[in-house]
Structures are given as C-alpha cells and as structure tokens.
Amino acid sequence: MTSPNQTVLCKYRYDPLDRLASSSPVGQADVQRFYQKNRLATEIEGASRRTVFQHEDLLLAQQRRVEGAIETTLLATDQQRSVLRLVDKSGVEPVAYSAYGHHPAESGLTSLLGFNGERRDPVTGHYLLGNGYRAYNPVLMRFNSPDSLSPFDEGGLNAYGYCGGDPVGVVDPSGHMPFSILIQAADMIEKFGPQAATLIAQRALQGVSPAARVLGGKHTPAAVPSLVSKKASKLPSASASASTSTSSAKSVSSRRRTEQRRTLELKRKNLINGLSTRLPIDESSAKRRYERFEGRVRDAEYLIEHYTKNPERVKHSIINPSQSRELFGAKLVNAETNFNAYRKKYIEKFGEYVRDPPKDK
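Note that our numbering numbers the sequence shown so that position 113 is 128, with each residue one more than the last.
Read the hints as simulated data drawn from the structure, not as lab findings.
It is possible that part of the hints are untrue.
[To be verified] DSS-like, lysine-lysine: derived pairs with alpha carbons at most 25 Å apart:
| hint | residue 1 | residue 2 |
| --- | --- | --- |
| 1 | K364 | K324 |
| 2 | K360 | K324 |
| 3 | K104 | K52 |
| 4 | K360 | K52 |
| 5 | K302 | K324 |
| 6 | K302 | K346 |
| 7 | K359 | K346 |
| 8 | K284 | K302 |
| 9 | K52 | K359 |
| 10 | K52 | K284 |
| 11 | K346 | K52 |
| 12 | K346 | K324 |
| 13 | K364 | K284 |
| 14 | K284 | K324 |
Based on the provided sequences and hints, a complete structural model is requested.
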C-alpha cells in the first residue's frame, strides 16, 4: 500500500552507460558526476568541485576547489579501498566504519569516497554500488532492491543480502553478489541429518551465512523439505540387496555431480569477486596474491573448457553454455590482463617469482 504523504527528496539521472550522471536534491544545487575507467573521478556541486586522484586501485588524494581556493587531502586506505585516515594541513582525521560500512554522518567524514572506496549518497546515506546501479543500506545491512542475477546462478538465494554475510572478507563493487548458499544440501543431510539442511535453508532466507559455508546449490528453500523426504525414502532396505546396489550407484553418481557443481561455483565465485592489483609491502603477502591471480587464469580456462565439453543447458539455469563460454572468455581476458599487470609490479620489486617448495607433511 502506498503512503499518500510521499515526498520527493532527490531526483537521479543516468547516462547511456547506466551510470549515475547527476542528482538533484530538493532545495540544493545539482550534483554532477564524472568517471574515469568506470570509477568516480570528479563530482561538481555548484561552485564546489571535488576530484579523486588514484593509481589503478590505490586511492591517493582528494582535491577540493571552491571559487579559486584549493584544499588537498591525502587519503590512507586499507586493502579494500576503505578510507581510514584523512591527512591535510590541519592534521589527521581518523575514520571508522561498522563491518557493514555504517559511518554516522555526525562523525565528520569529509572524504568524497568512504567504505570500500564507494561514494555515499548524502541524501539517503546509502551506497549506490555499480556507479548507481543498486542502493545498499549499511544500517539495515542489505540492499533496497533484489539482485537482477538469477537465484539459480550467481544471484544467490537471498536476493537482498550483502556479500553473503561476510562484508569483511568479500567486496561487492558492482552491486551483484556472486554468492549462493545451499550447495550439497544432500551431503549435509547424510552427514548431520535433516535438521542441518533445514537450518541452512532458514539462515539463507534470513541472509545469514552458515558457519560451514556452502556455495552454488541448485535447491531452493522450498525444495528442502521434499529433498529431506526423498533422502529418507531412499534409506537402504535389508531385504532388497539389488535395490541397495542400484541406490548406491545412484548415490555415487549424485555425489560426483554435486562435487562438480561445487567446483564450478567456487571457480565462478573466485573470478567474479574483486581482487586488487596493488602490490603488498611484504614479499610473503605479495606471493600469495600472485598465486591468486595465477589461479584466476586457470579457473577461467577450466570453466571455458567445461562449457565447451558440456553443451547441454544446465537444469533451471537461465544462462546457456554458449553464453557461459562468452562470459568466461571475457573473464579470462580480464584475468590475464590483471595477472600480467600484477606480475610486472612483482618482478620490479621482488624479482622473478619463485614458487616455494611444498612443505613436508
């Protein structure tokens, strides 16, 4: 039911690339946005102009111009691009956020960018991820609108959830969360009983990630009760050895398919999640990131090969194998580009990469 007392607080306009181009808060000057390499670079509001200086993924500084006067502020960030310190001629201003990015407006944040290097909308207090594609509310810790990706593919069962309940370890700059809960629900039932699958389904609906995180399942929460009953009905009978053998063979085949789904989902998630090309200071961390970039290239090659060898459409999937090959073909190009860029930085600082010998068990 719509409230009769609705009030327009702001109007938003988008460019042909579906990026937020300008906003018009009621009673205030229009705000214009300008992008560089698909990232916010400059924002103009009346006589005020704020520009962000960055090198690749690294935020460096912010410059504010008002009627000829220039103020420059250095930005100190973490590896997820969250602004943690503002340094200018008046001193140092620390910045803190909750795990989900909430930062009280009264605490004095003056940086254009904030949590995960995203621009906070001054009217609503929300982060407009994907350059305005989708509004994320850090107070409610959820999106205001559902993910456009299918819940049977990258979208995940909770269409409003942010980072699968793990905002510390995962970033979501595009507004699409490549996270789906409930892989191997059948295996969970076999190991821990029907109550385990029911608990996972309940937490998925609530947007809570289970402690034992499982990815990529094709079962909806509504299907879990029937899944449980099917598992219960397939318990082996002592008087039917032939039936037991057939059931065992089916179980092995089912486990293999489940294992393959898990492998595919993990590789897809690894490719879609963001990974900074910034080189860590210490060599140990730099090596680990080098191996992650290397792994992303292998994952893309694996997925392309899989969808080439398996041209049949996956049940319940809205994406056919041909589209998947094109998608991960583009991901492979991107993964190779980022890997080569990171490898160049690594060699310049640490020399040629040398893989550590395997540790003795």
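Hints, one by one, checked against the model:
1. Only pairs whose Cα atoms come within 25 Å are accepted, and K364 paired with K324 is rejected, the gap being roughly 41 Å.
2. Taken as a hint, the K360 and K324 pair is broken in the structure, with Cα atoms around 36 Å apart against an allowance of 25 Å.
3. Among the hinted pairs, K104 with K52 is inconsistent with the structure: their alpha-carbon atoms are about 30 Å apart, more than 25 Å.
4. For the hint linking K360 to K52, the alpha-carbon distance of about 20 Å falls within 25 Å, and the restraint holds.
5. A hinted pair counts as satisfied when its Cα atoms are at most 25 Å apart, and K302 with K324 does not qualify at roughly 33 Å.
6. A hinted pair counts as satisfied when its Cα atoms are at most 25 Å apart, and K302 with K346 qualifies at roughly 22 Å.
7. For the suggested pair K359 and K346, the alpha carbons sit about 20 Å apart, so the restraint of at most 25 Å is met.
8. Taking the CA atoms of K284 and K302, the gap is near 21 Å; set against the 25 Å cutoff, the hint holds.
9. Among the hinted pairs, K52 with K359 is consistent with the structure: their alpha-carbon atoms are about 21 Å apart, no more than 25 Å.
10. Proximity of K52 to K284 is assessed by CA-CA distance (about 23 Å); at most 25 Å being required, the pair is judged to hold.
11. A threshold of 25 Å between alpha carbons decides the hint, and for K346 with K52 the separation of about 17 Å falls inside it, so the pair holds.
12. For the hint pairing K346 with K324, the CA-to-CA distance comes to about 18 Å; that is within 25 Å, so the pair holds.
13. Restraint check for K364 and K284: not satisfied, since their Cα atoms lie roughly 30 Å apart, outside the 25 Å limit.
14. A C-alpha spacing of about 21 Å is found between K284 and K324, which places the hinted pair at or below 25 Å, so the restraint holds.
The structure does not agree with the numbered hints 1, 2, 3, 5 and 13 stated previously, though it agrees with the rest.
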